[in-house]
Amino acid sequence: MTTPPAVPDPSAPWLVVGLGNPGPEYAANRHNVGWMVADLLASRIGGKFKSHKARAQVLEGRIGPPGPYNRRVVLAKPLSYMNLSGGPVTALRDFYKVPTANVVAIHDELDIDYGVLRLKFGGGDNGHNGLKSMTKSMGPEYHRVRFGIGRPPGRMQVADFVLKDFSSAEKKELDYFVDRASDAVEALVIEGLERAQSTYNS
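In the numbering used here, the protein residues as written are 1 to 202.
Hints are computed from structural coordinates only; laboratory data are not their basis. Some clues are possibly wrong.
[What the hints assert, rightly or not] Restricting the straight-line Cα-Cα distance to at most 27 Å, the calculated cross-link-like pairs of lysine-lysine (DSSO-like) are:
(1) K171 x K53
(2) K53 x K132
(3) K53 x K97
(4) K50 x K97
Take the sequences, apply the hints, and build the full model.
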């Protein structure tokens with residue numbers, strides 16, 4: 001596995017992908033937390049998502065202060081279902097000429113407690129269908145911002161758990177955690193993985 005550069009190449013664009021399922025019935029699901037983070041990042045950049053022929057909504061913009069830490073970013077929300085995310089992501093990567101190492105997937109993670117973040121580069125998919133599809137399409141060497149949702153209670157099936165909305169108790173802190181995940185994405189793109197990990201992998 002290749003390691004990403006310690007400091008990102010300022011001239012290379014980034015593709016930041018919020019994973020989720022399209023449609024209002026899925027909008028508030030745990031599985032759609034990647035979309036929630038992407039929406040907040042879009043509001044920070046100051047723009048609206050537009051339809052792209054790659055079956056995705058995209059927003060082009062810049063992240064970071066003027067000067068050497070300013071990065072060109074393409075934010076995306078695939079409009080395929082989660083388990084088919086790889087097609088749109090790979091098409092966008094090729095269209096915008098983004099190095100695979102500059103692709104960031106924001107996704108829900110069952111094996112991490114609710115609200116906890118873990119940033120990593122490469123590795124397995126841990127049973128996540130969105131990552132599985134992306135890895136099948138372009139290999140595993142991209143960044144992940146993993147947003148903890150915890151395990152399902154009792155005997156609830158994983159599929160039922162991730163396709164349910166956050167609980168009322170979780171919703172009280174959801175905005176804060178989504179905000180923090182957005183900060184983590186910005187830190188990753190601007191400062192590189194190691195520095196972002198040292199701040200947010202806690």
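inquiry  = Are any of the numbered hints broken by this structure? If so, which, sorted upward?
reply    = 1
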